[in-house]
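J.: Chain by chain, the residues:
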Amino acid sequence: MNGELRLAVFICGDGRHGKRCGGSAIVASPRGMEAGVIAVAFDELKVSMSLAEPAAFPVAEKVLLAAVIVASLGVFAWRLSPIARNVLRSKKDTDFSLRPVGARVWKFFWEVLCQAKVIEQRPLPGLAHAFVFWGFLAFALVTLNHIAVGFGHGFLQYAGWFGTFYVMFAAVWALLVAVSIAGLFIRRFVVRPRWLGAEVSVESGVIAGLIFLLMATYLAALFVDDGGGAALGLWWVHTLVLLVFLPIIPGTKHLHLVLSPLTVFLKRPEFSQLPKLEGDDDFGLVAGKDLTQLIALQAYSCVECGRCTEHCPASTTGKVLNPKEIVLGVRSYLNTEGPGSEVALLDGAQPALSMEAAFECTTCGACEFQCPVGVQHLPVLIGLRRGAVNTGAWEDKYGTKLFLALEKQGNSLGMSSTERDKFIAKQEFPIFDGSQEYCLWLGCMGSYDPKGREIVSDFARVMRALGTQFGVLKKEKCTGDPARRLGNDLLFGDLAEQGLKAFAMAGVKKIVTICPHCVRTMATDWLEYGVAPEIEHHSEFMARHAHLLPQQKGESIVYHDPCYLGRYQDVYDEPRAVVATAGELVEAERHRERSFCCGAGGGLAFLGEESGERVSHVRAKELIATGAQTIGTACPFCNSMFRDALGAVGGEAPPQLLDIAQLAARGLAMQTNDRDGKPGEN
Amino acid sequence: MSSNVLVVLETKGAGWHRMSFEALAAAQKLSNELGMSCSAVVLGEGAAIAPLAAELATKKLNGVWAVGDSLLAEYTADGWVAALQQLIVETKPKFVVLPHTYQVRDFAPALATRMGEVLIGDVTAIEVADAQSGPFFVRQWMQGKLNAEYRHRSEGGVCFLSVQAGSFRADAVAPGSAEVKTFAPKLDAAKIRTKPGEPFREAAQTVDLSTAAVIVSVGRGIGEQDNLKLVEDLASALGAELAASRPICDAGWLPMERQVGSSGQTVAPKLYLAVGISGAIQHLVGMKGAKTVVAINKDADAPIFEVADIGVVGDLFEVVPAITKAIRG
Amino acid sequence: MKIVVAVKQVPERDAVVRVAADGRSVDESDLAWTMNEPDAYALEEALQLKERAGDGEVVVLCAGPERVQSTLREALAKGADRAVHVVTPEDGDNALMCRDTLDVARLLADAVKGESPDLVLTGLQSDDLGAGQTGVVMAELLGVPHATLVLHVELAGAGIKVKRELEDGWMQHVEMPLPALLTIQSGGNRLRYATLMGIKKARQKEMREAPAAAAAKRVDEVLKVSPPTRVKQTEMLTGSADEIAAKLVEKLRFEVKVL
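For the record, the sequence lines run as chains G, Z and H.
Okay, so the first sequence: first residue is 0 according to numbering that gives the first Met the number 0, each after it adds one.
Okay, so the second sequence: first residue is 0 according to numbering that gives the first Met the number 0, each after it adds one.
Okay, so the third sequence: first residue is 0 according to numbering that gives the first Met the number 0, each after it adds one.
Mixed in with the good hints there might be a few duds.
Derived contacts from chain Z toward chain H, CB cut-off under 8 Å, selection only [claimed, not checked]:
1) ARG113
2) LEU145
3) ALA169
4) ASP170
5) ALA173
6) ASP249
7) GLY251
8) LEU270
9) VAL293
10) GLY310
11) VAL311
12) GLY313
No lab work stands behind these hints, which were simulated from the structure alone.
The structure displayed is predicted, hence computed values, not measured ones.
Yeah, the Cβ is synthetic: ideal placement off N, Cα and C, and Gly gets one too.
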């Protein structure tokens, strides 16, 4: 290789061909290989395979360089130190453990190094971002060498194969970065998606410009002579851009460059993992003193991309809550009040941190799931609620009613437990006595809600048809899900302890239920008080037996992923397997991980009227828009929300609304009728 | 004039409290079955109670006491306790029967206490097994989950009892004639410690369904806004508040404040008449406190029938006007 | 202002109650207990009075066996300052359930006298026996004026002015000097829920046990307790619209008693 190559560059407004082009591809090819058809320029240009370097610096210049570097690093450290101090001085996360390390390493590899989440959730800008990130990694060596050259100790030997390779390797990345950053710049300042915020961030523009300049100066050095004035100029511009860039990082969202790899590695391993309250003065997030190091680190890591807001059912239906503003509110609180402050977090100096906003969250977890930098919104939002509820600061007619109902009646609907007794007797559900394989947990909806009862009855039919032995508990109390999500630790703890005791007394080994909220709460949230018996959602049970369920024909069914089954428990395929036995599965625009909430979670089903548009209506319209004949649900709360919503927005002939248990039971009923020679019902 | 049963009647405005004659019927029954004499007493300012006492003189009674005093012009517990205590000491009844009204609940326990007795309150039935062991009285425990039979056992003392609204039929009061006597209690203004104000109604800014005794509630089955007139008529015939399930308020046919359910009001009336309401759980949780639920719905499988005490499966457009007509009689 | 709130511990509202072996009382084994709801409103009114006044003391008082301490602790968690527990035995003649209204009121009145409060509040009636008399009898025993069915209390000069409920949606203000006793109607306030912070603070608060006097001879006597024969089940009315209407009106008049 003699150090020649052709570069095919794709540049906007290239004069020679008079063409305008979108500008985002670059191909570097070795000699002899023709660039692609879109290549338009520089195909005759010969460049040096080595990067032009300035001639050796005189001592004065070296001193100057050292001074600028020290100044830059100094300003960087000076600006970073209050942030580091705020994080380090925040309350320790007493429950923190590095284990499981393997999972953390994997998350780091997948989410940081592979940029998987960024790309998955917003493919185009995600890819552009990934190119910038990977480009930066590729540039680490180049940058070190660049500074070393200034002191006369450049270590990349361009004569050698590695140096030659690396220069070109970096050049490819430089082009990718330059093009990507230009694209991102256009997106932010021209397209302007509203998730990025109403205000144009000047600082983002400056940063984009600096990154572009870094790449440009690097690439330009490929075209100039070694040791010449141009090389010197380019070297210094590149250096200065770098040294200006560095101190800008802290105090801006670009701090995520430094913090987010750490944040992703250190984040709590479980989804919506709520720390245990410690000691007599811990009531949740009441004031700055309660903000933990993880929360502070995450708040400073926020890159303000607005993915959380974009997917938030509250933000997108006209509520006050904006998850991004919550995180930025915490950051701003730390900056103004500092960690350890006694100033109230809610309804205090930060307008974003309002009681109203905190209690509009459906805890659907779309924000936490989406966040590319490891911010975990739910522990913060629920933490704020815990602070407000555990101290009695939250006063809400409906909330109080719910808590008193849970306290007195032991169910979230405030119904008399005798109503459940009657239902069990009517359905002839056997009482669990230790001889049956499963304890069928009814939950509040399955015990008291007419529609929930239909679902439970149908699921019981399926279990009976499959020959599975089950029994129900004589008495059930709520698992405490709404109390947990609304931040009432006293009530939740009482209910969890009573629930664990009830299962232990009855000798239950395996539980199955129609309610994903019950599954999550028992399996995960109860852990603070003890280990519940093995529990599964009825979708998992039925999917295991899907081959025994009769195949039904024809009907198109759109399946709605409940937040507490999907994002919370990663169960996506099992309910779909059940739906597939009942008809043709159709997907809504937002499905699986990106499913949109029904509006019921987080205790909101009990909190009275929403402001703005109803979340359930938005989702129902989306499900109707698929044109499916039936909406399949897997959560009695979703079902109840959609039942109302279909009445309001379903028009003349709304789709049928059935739980997956009802879909399965329908097939079994048809099969029985066919066998008995009776006409099929339903 | 000494009687074995004394019934204390309550006035309201210039007339009777509606439960007074129910108490009178109970007292007549008790005195009949025990073979005792029965007198009635009415308290108030002298001139005001004279016509009421005269009305009582047409009932089957052994005497009517008109206890008049200017200090009894308006009700106070201290005034009532003092006046009745004096009358009881004077006439020595064995039983004192009262209607279980708010007013009786305010003074009767104090009256009984002053005489070393206990009021057997809110009685739903009076049974006389045999004259030897005396009558026993049925009252409810545990919100009506149990019936308890009570007997008075202090020898020589007075047995105080108050009867529950609707337990005895006012139209069962036997007519007759009786002599009206006046009784002048010795009352001391200084010993009346409370100063009552004029009764008033709260300015009805928002509808408070939570205190309504009777509610007629309408749901989607009503079909169109114009049909609301049907249930409005029924509500006015029943003296009921009008309420609705969420779809009706969502549609703007009735104001949001009339919505019963998890996102609306929680109610606990004596009667909840649900018209064309299927009974979604969001609605049921708001009305589960109702004592009696009547449901009218065309769908026999509607979940509302699960919680209803009385159900009508039928066309509300026929049934509702018929009920309105039957009530208006 | 010093306020004593007398509360009762009663079976939970939806408890399945069984008649005890003696046929004259409720089987207390296997019951879940809670604070009588009107008493919870009395406590709420007392706490709000104290909060409005800016100072004062709320003492919560309850008679019963050991188990009532959970109700007292709940009251402390909601904000009462101190608790007095009048200890009565679980069963036997001296048990709370075996005393008549006069005797129960006497137990409470004796405990109140030791406190010399400005105001005594209690619920309008209990959810279990429903006599609705204890407060008024206490007032008589204490020799203080009273008002029943009170929804709201405010200070007026040296005394108080209360808003009480009359029938059919009417209200009335009544003024009286202090000390006084009021029985509180449910629904006048919004109840507060017990909080974690309240429970933690309650652990530091005083709970004094006071001995109960021996029971006096009952004035009345409970002969028999039994479940009512009528079981609640949906009765479907059928016939023509007019027939249905006639049947319904009959029921509304004589069973539901609203006409």
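J.: Confirm or reject each hint.
T.: Here's how the hints hold up against the structure:
1. Interface hint status for Z/ARG113: upheld, as the beta-carbon distance to the closest one in chain H is roughly 6 Å, under 8 Å.
2. Taking 8 Å as the C-beta cut-off, the interface hint given for Z/LEU145 holds, the closest approach to chain H being about 5 Å.
3. Residue-level restraint check for Z/ALA169 is violated (minimum Cβ-Cβ distance to chain H is 11 Å; threshold 8 Å).
4. The interface hint given for Z/ASP170 is violated, since its Cβ lies 11 Å from the closest Cβ of chain H, which is over the 8 Å cut-off.
5. Hint status for Z/ALA173: violated, given a least beta-carbon distance of 19 Å to chain H, over 8 Å.
6. Interface hint at Z/ASP249: violated, since its Cβ lies 26 Å from the closest Cβ of chain H, which is beyond the 8 Å cut-off.
7. Interface hint status for Z/GLY251: violated, as the beta-carbon distance to the closest one in chain H is roughly 27 Å, over 8 Å.
8. Taking 8 Å as the C-beta cut-off, the interface hint given for Z/LEU270 holds, the closest approach to chain H being about 5 Å.
9. The interface hint given for Z/VAL293 holds, since its Cβ lies 7 Å from the closest Cβ of chain H, which is under the 8 Å cut-off.
10. Annotation: interface hint on Z/GLY310 holds; nearest CB of chain H at approximately 5 Å, less than 8 Å.
11. Contact between Z/VAL311 and chain H, as hinted, is supported at the beta carbon level, the nearest pair being about 5 Å apart and thus within 8 Å.
12. With a cut of 8 Å, the hint placing Z/GLY313 at the interface with chain H holds, because the nearest CB-to-CB distance is about 7 Å.
The structure is inconsistent with the numbered hints 3, 4, 5, 6 and 7, although it conforms to all the rest.
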